[in-house]
Structures are given as structure tokens and as C-alpha cells.
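Student: Top to bottom, those sequences are chains A and C. Quick note: the first sequence uses my numbering, first residue 1, plus one each step. Quick note: the second sequence uses my numbering, first residue 331, plus one each step.
Bear in mind the hints are in silico, worked out from the structure with no lab data behind them. Cβ atoms here follow ideal geometry from the backbone N, Cα and C, with glycine treated the same way. This list has only true hints and no planted wrong ones.
One side of the interface only, derived from the structure: several residues of chain C facing chain A at Cβ under 10 Å: (1) Ser344; (2) Gly352; (3) Ala359; (4) Glu374; (5) Val380; (6) Arg435; (7) Val437; (8) Leu448.
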Amino acid sequence: METAIDYLNKVHGDLLDAAKREHSILRPLPERRKPRREWVGGLAVAAVCILVAAGLVGLLVRSNLGSDDAGSAVPAQGATGATGETGAAEAPEPTPGTVPGDQAGGGAGGPAPSLTKIIRTAELSVVIPRNTLDERFAEVVDAAERNGGFVSESLSRTRTGNLTLRVPAGNLAETLRAVRGLGTVDVESVRGKDVTANYVDLRARLSIAKARREVLLGLQADATTIEQTIRVQNELDETQLDIEAIQGQLQVLDDRTSLATVHVDLREEGAEPGDEVETASIPNAFERAVAGFVGVIAAIVIGLGYLIPIGLLALLVWFVSTRIQRRRAG
Amino acid sequence: MHADLDDVGLIVRSQREPEAFGVLFERHAEPMLAFFARRTLDAESAAELVAETFAEAFASRGRFRDQGADGAAWLYGIGRNLLSRYFRNGAVDARARRRLGMPERTVGESDFERIEELIDFAEQGDRIREAMAALPEGQREAVRLRVIDGRNYRETAEELGTTEVVARARVSRGLRRIAGDLDAESHKEPIELETRRWKRRSTT
Numbered sequence: 001m002e003t004a005i006d007y008l009n010k011v012h013g014d015l016l017d018a019a020k021r022e023h024s025i026l027r028p029l030p031e032r033r034k035p036r037r038e039w040v041g042g043l044a045v046a047a048v049c050i051l052v053a054a055g056l057v058g059l060l061v062r063s064n065l066g067s068d069d070a071g072s073a074v075p076a077q078g079a080t081g082a083t084g085e086t087g088a089a090e091a092p093e094p095t096p097g098t099v100p101g102d103q104a105g106g107g108a109g110g111p112a113p114s115l116t117k118i119i120r121t122a123e124l125s126v127v128i129p130r131n132t133l134d135e136r137f138a139e140v141v142d143a144a145e146r147n148g149g150f151v152s153e154s155l156s157r158t159r160t161g162n163l164t165l166r167v168p169a170g171n172l173a174e175t176l177r178a179v180r181g182l183g184t185v186d187v188e189s190v191r192g193k194d195v196t197a198n199y200v201d202l203r204a205r206l207s208i209a210k211a212r213r214e215v216l217l218g219l220q221a222d223a224t225t226i227e228q229t230i231r232v233q234n235e236l237d238e239t240q241l242d243i244e245a246i247q248g249q250l251q252v253l254d255d256r257t258s259l260a261t262v263h264v265d266l267r268e269e270g271a272e273p274g275d276e277v278e279t280a281s282i283p284n285a286f287e288r289a290v291a292g293f294v295g296v297i298a299a300i301v302i303g304l305g306y307l308i309p310i311g312l313l314a315l316l317v318w319f320v321s322t323r324i325q326r327r328r329a330g
Numbered sequence: 331m332h333a334d335l336d337d338v339g340l341i342v343r344s345q346r347e348p349e350a351f352g353v354l355f356e357r358h359a360e361p362m363l364a365f366f367a368r369r370t371l372d373a374e375s376a377a378e379l380v381a382e383t384f385a386e387a388f389a390s391r392g393r394f395r396d397q398g399a400d401g402a403a404w405l406y407g408i409g410r411n412l413l414s415r416y417f418r419n420g421a422v423d424a425r426a427r428r429r430l431g432m433p434e435r436t437v438g439e440s441d442f443e444r445i446e447e448l449i450d451f452a453e454q455g456d457r458i459r460e461a462m463a464a465l466p467e468g469q470r471e472a473v474r475l476r477v478i479d480g481r482n483y484r485e486t487a488e489e490l491g492t493t494e495v496v497a498r499a500r501v502s503r504g505l506r507r508i509a510g511d512l513d514a515e516s517h518k519e520p521i522e523l524e525t526r527r528w529k530r531r532s533t534t
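Excised from the complex, chain A in its bound form (with noise of 0.2 Å):
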């Protein structure tokens, strides 16, 4: 520094000295700091584009795979409702204490009739053209009488109706077949369950128990005090007892197999399987938000598992391609 003023010169040199030794130190100024904000938004910025891509992704995929597995999605089934409902009065009466051949083939009658119980239970979504719910639903309840059968339940909303019925387990294909024959069938089940097991065994109990009442019955005739009478009486009142239970279930087992039951879902084109059922209510809405939250996570996720490998790709791509050039130029 040129001038005649000493103490500038030496407050010249300090300042310099004060420079030096920032220079060694190498301490951050405060702009310095910025270009790394710039860096961490952009990092949050890019991790947010990315999640949302994996997001759409993995929405367009879950679509996809919803659409391709519609059809064997099962409905819910065997609506309840308080509305709609129609009477039971046409049941036919059951035949308690005897052994019906096999329901399931068409009451073919054989010179050995079979002990093969099944209970039957058929479940048929179909799909019928637009404002023709009251005629199909009509159709279905004259399916049932026209075979024998009856409608245990039924609900009609304006759009969709559901129906329960109860034909003989003979005659189940050819309802089947006529329910089928109202519009184009979605869903389409017949689930058997065998339970000659526990018939056979309930008649065997059944034997027995008429056997020890008969035996009972003889003691009671031959019984010469009070005491001895009570006693045969007691013994009789419970095998009566276990008599008419035993006659109870077999009822009820032969009520369900020679019965199949029938579940019914209408509905008109363009209507959701279940759009008119729901209400509006905080718990229902706790619920969706909770299927929306975990929808969500399960998108990107599954996005995620599409984006990765591209991005490896990518990568790889770009640092080939990087390399290459380098090469080249060098």
C-alpha cells in the first residue's frame, strides 16, 4: 500500500493477516450455505414426484388387476333386508322319520335307495338390462313355485334386488337354469355339503332310544311299588325326551337336503354390486378413510416395485452412454 500515513499501513497488513487466516480456516460464509437448501429442496422435491409417479402406478396396475379378477369375485350375498320381504307360507311339509333317497339326482327312484344326504347351496349374481328389475324379480319368484319351491327372503332396492329360495334339491338345475335365463350371470356358485354321517348316526340313536322306551315301557307295566314305578317313569320322561330331539334334528337335516337353498342377486346394467346399500355414517367413513390410507400405501408401493428396476435402467443407461462419450471426446 502506497502511503505516508503509518497507521494505515499497518492496519493494511492486519487486515490482510485477518484475510490469511480466513482463507486457511475456510469458514463457511452464510450465502455458501444456500446452494445445499437448494440441494435438500430439490432431493425433497424429486422424493415427492417420485412417491406420486409410484402412486399413479400403482393405481393403474391395482385397476388392471380389479378388472381381471371381476369375475370371480363372489357378491355379498343373502341381504336381510326389512323391506320387500315376502312370506314362506308355500313350505312343503317335511317328512320326519323317514329315509329319502338322494336328492341331488333328480329323485331318480332306484329299487335301493341311496342314505346319501347333501345340503345343496347355489349362489347366482346376474346382470339384467335397465328398469326391467320388477319383471325379472316377478320371474324369479315364479321360478321357485313353478319347481316345487318358495322364496325364503327377498330385498328390492330401486336398482337391485336380492332373493333366497328354497326349491327341492331335485329340481335345483332346473331353477338354476331359469334364473340364468334372465340376463347375463356375473356370479355363479353351487357349493354340496355331505352330512349322511351324522344322519346315518342320528338314526341309529333314534333305534335305540325307541328300543329302550319300549323296554322302559314293559318295566313300567311290570312294576309293583311306588318307588319302583317313579324311577321307570323318570327313565322313561328323558328317553321320550332324547326320542323327540334325535326326531328334531333329522328333521331339520331332512328339511335342508331335500331343500337346496338359492341366492338370488339382481341387478340392472350400469348399477354397483352394493352402491344402494351404503349409508352415510362417521363409522363408514372412518372405514374408507382407513381403506383410502392403506389404498394409497399399497399404490406406491406397488408402483415402486415398477419404477426401481426402470430406474436401475436408467441409470445404467445413462452412465453407459456418460462413459461412451467421455471416451469418445478423450
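With the hints as your guide, set chain C onto chain A.
Tutor: This is chain C only, laid out in the frame that chain A set:
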């Protein structure tokens, strides 16, 4: 190395290369010393204010933003704040210098008269004379001998019948009071006027 940069360029460059600030000091230290000397009428205080202003500017240069403002204006703005504080407290701050580890220098014998030359008492004389009437007799006589008659400190001390140190103290205290009286007026002078005055002086 950085001499081709303007003031703003030097300040911005010094944020990455601290040594560049030395060029700013070379460019503005002496005009600024004159600026402070005219306002304080005290060589020692003016010199310290220059040192503290540059130390403060160096320490806070990281916050400087190039938004079209003049680099010298930023520097003198810091100086004016320190000058106000000096008039309030009667002493020059040394916080920035301490923070940077810079030693507190004393003004040597030879510097006193050189700095007082920067004050240009001839030009300031009329204003000073008006303010002198309010001074205590001892200080007024000391200031009269030194400033009006242009005697050096040795002659002033002999005239007053005291030592040179006491004579300098009386002149210093008297001038500080006068400076306080002139403060409001001198504070309004723009930097450009100071710079012009400095350039005129340098060419003659």
C-alpha cells in the same frame, strides 16, 4: 491481481477470496481517513474509525448483495454508523477488530500532523472559530494556537507553559467538543462531496 474490479466486484470477490478486500482498503482508506478527520477533528479517533470501519465491513461482507448499490456507499454507511456511535459514547468501538484478531494500533508522532493536514483547517476555520467561543479557556487557547495560528505541538506547549502531551490532550478535547457542535451539519455532507474534496487535494 484484483485491481481491475470495481468496488462491488471486489466485495463480492472477497466473499470467496478474502485477500481481495485488501485492494478495497488501498482504494478507500485514505479518503475515509480524511472523511473521519474532518468530522472528529481528532487524528487518533479518525484513524481508529477507519480501522474499525474496514474490520466491520470485512466481517459482514458475506451479507453484501450486488443489487446495483455503490460499494463505496455501503462502506461509508458502516463508517457513518460507527461515527454516530463515537459521538454518543465518546470512544471508538473496537469490537470488529477484536473479533478478527486485529491488534489495536496507536497513531505515531509523525502521523498526527499528516492526519491533521487532511482535516484542512484553513477551509474549516470559519466554522471552527464560531464553535470555539463555547470552549473552556485552556482548551480554547490550545486550539487557537494549534489550529488558528498553525503552531506545532512543541510550540503550542511552550506557549501554554506545559508539556507537549498536555497540550495535545487539550487540543484533542477542545476539537472533540467543536466536532460535536458541528456534527449535525457535517453529517449531512454526501460522500460524493468528500470524494471530490479528496481528489482536488490529491491533484494539487
